[in-house]
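Participant: Put together the whole structure using the sequences plus the hints.
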Amino acid sequence: MDNPYTVPAMIAVTLATVVIGFYGLTLARTTSDFLVASRMVSPTWNAAAIGGEYLSAASFLGVAGLILKYGVDVLWYPVGFAAGYLALLLFVAAPLRRSGAFTLPDFCELRLGSRRLRTLATVFVAFIGWLYLVPQLQGAGLTLSTVTGSPYPLGALLVGAVVTGNVALGGMRAVTFVQAFQYWLKLTALAVPAIFLVLQWQSDGRPAVTPEAGAVFPAATTVVVEQAATLTLADGTTREVRPGEELSFAAGEPVPEISSTDTVNGADWLLPSTAGDDDRGLFATYSLILATFLGTMGLPHVLVRFYTNPDGAAARRTTLVVLALVGTFYLFPTLYGVLGRIYTPQLLLTGRSDAVVVLLPSAALGNGLTGQLLAALVAAGAFAAFLSTSSGLLTSVAGVLSTDLLGHGSVRDFRFATVVAGLVPTVLALYVSGLDVSQVVGLAFAVAASSFCPLLVLGIWWRGLTDAGAAAGILVGGGAAVGAVLFTVVGPELTGWPAVLIAQPAAWTVPLAFTVMVAASWVTRRRTPPDVAATMLRLHAPDALRL
Amino acid sequence: MVLAEVARRRTGAERTRAELAQQTQVGEALVRGLVRAQLALALRLSLVVGIGLGGLPLLFAIAPEVGTAKLFGINLPWLLLGVAAFPFLVAVGWAYVHLAERNEQDFTDVVQRPER
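So the protein lines, in turn, are chains A and B. Take the first sequence: its letters are residues 422 to 968, numbered as in the working numbering. Take the second sequence: its letters are residues 680 to 795, numbered as in the working numbering.
The set of hints was computed from the structure by calculation and includes no laboratory data. For glycine and all other residues, C-beta sits at the position ideal for the given N, C-alpha and C. Be careful, since some hints might not be right.
[Said to hold, decoys possible] For the chain A half of the interface with chain B, some residues (derived, Cβ under 7 angstroms), not all of them:
1. VAL493
2. LEU496
3. ALA504
4. LEU507
5. LEU692
6. PRO693
7. ALA705
8. THR706
9. LEU741
10. ALA745
11. THR755
12. VAL953
13. MET957
14. LEU958
15. HIS961
[As the list claims (entries may be wrong)] Okay, the calculated bits of chain B under chain A, using three or more residues with CB under 8 angstroms as the criterion:
16. 722-732
17. 736-743
18. 754-760
19. 768-779
20. 782-789
Facilitator: Here it is, written out as structure tokens:
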């Protein structure tokens, strides 16, 4: 793709990130500045920062790609990603802020007074953080190679280095400004081209998304086959294709189906999956809902932001603003997925559906100036998504590592921990390039929902929780989810029910974690912390009383 | 005279605060009541979302005609999940913030108004 504006746009985003980071650096002086931005960030800034941090590659690219492939059923991803903030608001936001803890391990120690539980929480924070970081860096590598044709490792290394350097030098104060800027950039980068795309669709005479006769190529298209597969043409004949083979299609020719990518076609794409022949689809949907609704509160880079609110009431209001900002953003990926069905059907053949957001502007608007500028804007937004989410994740992972495992929380320890925490996922991203971006992010949500969600909800609302119970719940529930993740990544391919149970584990691991945590706490009820009444008072008493 | 007045003013609010801080039985009961009220509120609103959103996959599965229904030329599930879900979530969140702050205000009033 020859677009002279893409590379400058991505360089501009990276430079802006670094410059705003250094502007913050002149303000950041002490360790407390670094970790909680002095608690002087206003709710609107803070909410934009949380949104900017949260909307990752999976949201910016992955959601639209999934919709292109699978249709209405995967709309649960954006709904769940937003609804997670409602669960956070209802059960966690204000009490967690009032607890005065900086990080999840801090909360463990404050509520249950156990050093060993704190270490266990640190290990889980690092695991979830890295699980989430690897696909971000991979996404950066893939986008850069799609847009500029550069080798894959370059993008991963570049984002890894920029983010590590920025976090190590600027800390979280800098990151707050960077993140808030990134939210608005990402929203603009999706919303402005979306307006042009809808206008173009209007002026093209509103072509149907799912035409009766099946999808057709809007323009002459050449597709290079990447793996051996069976092509089913519109007239029902099949033919084998080999890697490297070039397939040419004329404008108006129907899009064939290919066996190497798993897509949903015709009316099935438009309609939700129905009951009847099997309940696996329904189970997977509910599992996904549970993971995304409950997983958000357990994501370390989201929680750490709550300490930058001045008090519990502000934490609540911030969360509500985040919910509105994130919800606004998620209106747009759906539009890209749907229009991608019309203008970029070749992605259904190549299977690189994650590229739909980046490729759609030039595919629909042509390679004129408008098309090129909008394509560059979208590419810059995608880059912002990688930079901001990776920065947030890295800050929180480095924060817990520097206070609990690698040092005592000084600025030097934080910088050292940042380099270590950034190196691990960068190296992993270079060696593991076969992972599916959206799926891995979904698994990170499942692990968070099965470990930190029960810990936070029971810790905040139930006096009976004990350290032993919490540890047992995290180890059994979170451990089961981690096992499912590792099995998905390195294990053999499964079919039938075991495949669904492993690929979408939340529906059984979350109840398991809650049950084990409650049961083990009840068995060890003599270990209930003696100061639980004082802690409850602190978590729930209104801020105005300042008890 | 003045001292007596100060002492009288102290008694109510200060005593309740002290009861809270020292975890006397009265203070305990107050905090437990607040926690229970806030948890009940959160659970009630989760139920609203659980039925309003969580019921949709089941509805689509057992009543496929809902999935094929159209509004403004767009299939209903696309409108419900792609658009309507987000304002619905924000509305529930707004209601929660409002009601939770009222619960807290009630608690603060009890603590700070001695002559109840």
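Participant: If any of the earlier hints don't hold here, list their numbers in rising order.
Facilitator: 7, 12
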